[in-house]
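For reference, the chains in residue letters:
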Amino acid sequence: VRLLVAASLAVAVLDAGSASPPTQDPSSAATTLLDQYLAGQFEVAIGSLSAVDDYAELLEQLKRDGPTWLNGGGAGQRERRELAAATFALEAARLGAWTTWKEVGVVPIVDPDRPLEAAVYRLTYWKAPPLLIEWACELVRQRERPGATEHLWQLAAVAVAERAQDYQFLAGDQKTPRLNPTFKILNDATIPIIHLAHVRQRFPDEPRFKLAEGIAEEWYEPLLARKVFDQLKDDIDVGGEATMRLGAMAYRARDDGGAIALFRRVEPLTRDPWVIHLARYFTGLAEERRNRPADAERALRAALAAVPRAESASIALGSLLFRTGRRAEGSLVIESMLTAAPKPRDPWRTYADADDRFWPELLARLRKEIRP
Amino acid sequence: MSAYRKPGMALQVTAAGRRVLSTVTLVLCAGFFDPIATRDGAGQTPPQAPPIFRTTAESVAVDVSVRVNGSALTGLSAADFVVTDNRVQQRVESVEARAMPLDVTLVADVSGRTRGSWTTSASAADNIRNVTENVGAIAAILRPGDRLRLLASDTSVQQIFPMQAPAPAVVARLETQGLSSTYDALVVAMLRPIEANRRHLVIAWTKPIDTVSTSDASTLREVARRSDAVVHVVERDVDLRAGTAISPGGTPNNPLRMNLREAHVRTWRPLLRNDAAVLPEVAALTGGTFRAFGGLSDPNAAEEFREIFEEFRLGYVVRYAPRDVKREGWHEIAVTVPKLPDAEIRARRGYAIESAPPARTAPGPSDDLSRLATAYARGEIQSVPAELRRTSLPDLRRLIETFRAGDSDSALAAFPKRDALFALELIKAGLAASDRGTRDAALDLVGEYVNLVRSPLPGDIFECGWYGAVVAALEGALQGSVANDLLPRLLARCPADGRLRLARAFVSDQLAQMRATAVGTSRADPTPAIADGILSRYDEAAKLPDVAREANVRAAWLAHRAGMVDRAMTYLGHIRPPGNDRALDYFGELVRGQVLRARGRPDEAIAAFRSALAAWPGAQSARVGLMLLLVRHGERREAEALAEAVQADPGTQIDPWWMYWQGDYRLLQVLEANLRELAR
Chain A
1 VRLLVAASLA VAVLDAGSAS PPTQDPSSAA TTLLDQYLAG QFEVAIGSLS
51 AVDDYAELLE QLKRDGPTWL NGGGAGQRER RELAAATFAL EAARLGAWTT
101 WKEVGVVPIV DPDRPLEAAV YRLTYWKAPP LLIEWACELV RQRERPGATE
151 HLWQLAAVAV AERAQDYQFL AGDQKTPRLN PTFKILNDAT IPIIHLAHVR
201 QRFPDEPRFK LAEGIAEEWY EPLLARKVFD QLKDDIDVGG EATMRLGAMA
251 YRARDDGGAI ALFRRVEPLT RDPWVIHLAR YFTGLAEERR NRPADAERAL
301 RAALAAVPRA ESASIALGSL LFRTGRRAEG SLVIESMLTA APKPRDPWRT
351 YADADDRFWP ELLARLRKEI RP
Chain B
1 MSAYRKPGMA LQVTAAGRRV LSTVTLVLCA GFFDPIATRD GAGQTPPQAP
51 PIFRTTAESV AVDVSVRVNG SALTGLSAAD FVVTDNRVQQ RVESVEARAM
101 PLDVTLVADV SGRTRGSWTT SASAADNIRN VTENVGAIAA ILRPGDRLRL
151 LASDTSVQQI FPMQAPAPAV VARLETQGLS STYDALVVAM LRPIEANRRH
201 LVIAWTKPID TVSTSDASTL REVARRSDAV VHVVERDVDL RAGTAISPGG
251 TPNNPLRMNL REAHVRTWRP LLRNDAAVLP EVAALTGGTF RAFGGLSDPN
301 AAEEFREIFE EFRLGYVVRY APRDVKREGW HEIAVTVPKL PDAEIRARRG
351 YAIESAPPAR TAPGPSDDLS RLATAYARGE IQSVPAELRR TSLPDLRRLI
401 ETFRAGDSDS ALAAFPKRDA LFALELIKAG LAASDRGTRD AALDLVGEYV
451 NLVRSPLPGD IFECGWYGAV VAALEGALQG SVANDLLPRL LARCPADGRL
501 RLARAFVSDQ LAQMRATAVG TSRADPTPAI ADGILSRYDE AAKLPDVARE
551 ANVRAAWLAH RAGMVDRAMT YLGHIRPPGN DRALDYFGEL VRGQVLRARG
601 RPDEAIAAFR SALAAWPGAQ SARVGLMLLL VRHGERREAE ALAEAVQADP
651 GTQIDPWWMY WQGDYRLLQV LEANLRELAR
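Those protein sequences? They're chains A and B, same order as listed.
Following the numbering used here, the residues of the first sequence are numbered contiguously, the last one being 372.
Following the numbering used here, the residues of the second sequence are numbered contiguously, the last one being 680.
To be clear, the hints were calculated from the coordinates, so they are not data collected in a lab.
Glycine residues also receive a C-beta, built at the ideal position from the N, C-alpha and C atoms.
Heads up, a few of these hints could be off.
[Unchecked claim] Just so you have them, the derived chain B footprint on chain A, three or more residues with Cβ under 8 Å: (1) 55-68; (2) 144-156; (3) 358-368.
[To be verified] Think about it this way: if two alpha-carbon atoms lie no more than 30 Å apart in a straight line, the pair counts; the simulated DSS-like pairs of lysine-lysine are: (4) B:LYS207 <-> A:LYS343; (5) A:LYS368 <-> A:LYS63; (6) B:LYS326 <-> A:LYS368; (7) A:LYS368 <-> A:LYS210; (8) A:LYS227 <-> A:LYS210; (9) A:LYS343 <-> A:LYS368.
[Claimed, not checked] Stretches of chain A that chain B covers, calculated by requiring three or more beta carbons in the stretch to come under 8 Å of a beta carbon on chain B: (10) 91-104; (11) 264-276; (12) 318-326.
When you get a sec, could you build the whole thing from the sequences and use the hints?
Given below as structure tokens:
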């Protein structure tokens with residue numbers, strides 16, 4: 001793996017030789033990629049990472065050579081370089097989310113003071129992608145007052161973390177017992193990150209970061225998640241999504257009537273097709289469970305009006321039609337879904353990815369800020 | 001042409017002598033599953049209660065496999081089979097060998113490793129190679145006339161290639177995201193309609209675990225029960241422990257010196273269905289087989305495929321015409337061969353004939369709205385404003401209220417920007433209405449959409465542009481108080497938006513003017529104290545380059561009206577040379593003329609009025625202003641000519657000054673055009 005990383009980065013250096021301006025201290029492949037990124041050659045720099053399957057080497061290079069590179073353009077360039085480095089690291093982390101994000105170890109530990117109370121602890125060993133985000137996060141949050149660009153970057157970082165589907169990275173692990181600090185077995189990689197804690201410290205009023213706490217806990221600490229969503233259900237910006245998620249939780253708890261009542265409240269709060277689709281889709285499933293096929297059909301058709309040809313709603317509707325005697329119509333719905341090009345992102349299957357749906361727009365805006 | 005046909009139970013009309021069989025089959029297969037369609041088919045009508053099959057009008061075909069001592073048995077005839085339909089014995093009309101061409105759907109689980117036991121860790125390249133090999137193996141077994149399609153099952157169900165002639169196919173791309181859509185993939189496979197004289201065979205190479213499907217086990221069983229396909233399931237071993245490694249070493253505080261580590265990548269698993277019974281049941285319900293098997297690319301995979309095909313082809317198609325059973329509903333079938341009591345007989349367990357679907361509901365009151373919204377969603381923008389203008393007031397109000405209530409079928413749901421533009425069309429039309437109820441409905445819509453148009457991300461160009469457009473519409477409808485209430489919120493969202501900043505000042509100006517007019521003063525001029533507060537807002541706007549000119553023009557006119565002539569002159573001095581807004585150029589010169597006249601500088605005022613006329617030839621306000629000055633200046637001939645021109649004007653010439661108090665309304669078309677471009 002290391003060889004592969006080194007080879008990929010070496011290719012990047014060779015590629016960059018003619019394409020990018022010389023740096024003051026081209027001490028590593030990572031700084032060459034940063035030069036490309038800063039010069040607006042985003043695809044070249046990110047394309048070089050596509051063959052990497054372990055980002056530890058990249059992280060090490062950024063940690064080692066990043067500080068020098070950040071000062072390479074003088075004080076006038078410092079802020080733009082910070083944003084470029086942080087956004088580059090974020091893109092790398094997003095690519096790397098498909099490699100190992102973390103390892104969770106199960107460790108039996110005996111407390112010397114209580115030797116009879118041996119316990120099994122889970123330890124988290126963060127791999128490079130989450131640590132790349134944290135390295136970048138420290139860069140962007142060094143200013144005394146958080147600004148619009150940092151806000152944008154943090155929104156993008158949360159989107160990447162949500163796509164990685166790691167509640168522990170975002171919100172910590174409420175269930176795992178904390179290790180007694182006298183056990184000197186922790187290394188850097190096992191320290192809880194809790195990314196949202198420092199994001200919230202910088203932007204305490206941003207409802208999307210509050211919502212992210214609920215999203216992180218939704219499948220792990222449902223009571224906590226419900227509390228967060230409940231607090232946000234009337235929020236002008238995220239109230240629609242918070243209400244939809246409350247409804248989804250009620251649906252999962254088989255409270256179909258309660259879920260449907262919540263889903264009805266979603267549309268006056270948002271025009272986000274992703275959220276509206278999910279509210280309608282879950283309504284369809286809940287109505288079907290209540291043995292109301294006509295209402296289920298109406299809701300599923302409405303879901304497909306919000307996100308045409310979406311996979312889950314298409315299969316649910318096609319199957320419902322098939323089972324209620326409209327076989328040809330049902331199969332047409334399925335065929336239409338199968339042949340969609342491009343295939344739309346299915347809101348149910350990306351339910352946990354949450355803000356990742358904003359990633360293209362967020363990245364475009366960050367790159368616009370970086371572009372010379 | 002394709003129609004539904006049930007190989008296991010195809011219902012056919014033997015309309016002897018009237019049509020060739022294939023035609024009749026096509027017509028009646030559709031009718032079998034959709035009673036409505038049969039009304040126009042071969043002269044059938046829905047049966048009267050109690051509905052009983054007519055004896056010779058329809059027939060059912062059942063795929064049957066007979067095995068003795070593990071081998072397929074051939075050579076049986078109609079007399080050998082006994083078939084019951086809802087426990088009523090039927091007369092078998094014919095037995096045929098299953099020589100019909102096959103449509104094969106291969107469902108390949110690519111959510112993890114595709115070789116050996118299924119595990120969560122997978123190499124995309126390995127999966128592509130393995131699946132390609134197996135597609136090749138199946139293609140080699142199929143015969144000319146058979147067809148093959150490939151569905152890959154992962155987080156999503158992907159159709160890698162549609163039903164096509166069997167040929168070695170290279171699978172170029174497989175998405176592997178790690179969740180399991182086992183149930184959905186089978187539902188999708190089984191919902192495929194079957195063409196006449198073909199059989200549909202589904203071979204599912206999958207595992208019993210499902211983590212994300214919208215279909216649950218009961219749905220899957222129900223679809224299997226009603227499907228035309230014969231499903232063979234080859235279940236793969238699952239090794240959920242893969243990915244966990246034991247690391248040696250441990251720590252000083254770890255007396256067992258052991259550390260079990262598990263790799264985590266995208267850990268969300270919304271569901272965990274692991275029903276060992278469901279896949280065998282699906283196979284049995286469709287008359288297929290269930291086998292436990294290793295990996296997709298095990299060495300004997302091709303042999304396994306071959307066995308499935310051979311067995312299928314060595315089976316029979318048993319036909320009978322249902323007698324003495326109720327037509328609609330579930331029909332349980334049992335097939336036996338009495339002379340072979342120990343034979344293993346596989347056939348589907350039944351079939352269903354559905355009742356007529358419920359009649360479609362009559363068109364509702366929201367149809368007009370749906371039609372307009374659909375047109376708008378399609379990009380047919382121009383027709384909508386014209387149609388709204390022609391709409392009667394009660395209807396317009398109803399349209400707005402229906403839109404506010406939400407139309408779940410609206411095609412605009414997928415296009416939030418077009419939805420916001422459509423709302424703007426309704427707002428404009430409503431604000432222009434003469435009755436208060438419609439105007440109030442439009443204002444309610446403004447209040448609602450100011451929230452709904454908010455982008456999830458800050459500083460969105462479309463959102464800010466939409467605010468600018470709706471404020472322009474409010475200014476045009478002299479709804480300054482509504483705009484005034486909204487603007488602080490809008491500016492908090494779009495602090496750098498010059499037009500909104502200018503609107504904050506203008507709307508205060510407009511309100512002061514309207515209040516003064518309302519109390520009946522002879523001159524609707526603000527006091528200096530009131531003007532001072534508004535001028536500070538114009539000063540703020542003048543700091544923004546894109547609206548600085550207009551801010552200074554409007555500030556000059558306000559200062560002039562408040563009797564602050566020096567301050568007015570200062571603002572005039574800040575006005576930059578003409579730009580590309582002719583109306584604004586005209587305003588500037590007209591205001592300059594008035595201020596200079598008040599300042600007692602008639603020559604310069606005359607020059608300003610002439611410039612105003614150059615900017616907007618024939619404009620009445622500039623003509624009158626110039627005429628009055630010329631009269632005082634003694635230039636009566638030119639003044640008389642201007643007076644005659646004013647009187648002779650047919651009224652077709654628009655004077656932009658008439659729209660001065662409507663603020664940005666004059667720019668609304670441009671603002672909307674920009675928004676449409678963003679919504680494209």
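>> Tell me the numbers of any earlier hints that the structure contravenes, in ascending order.
In response: 1, 6
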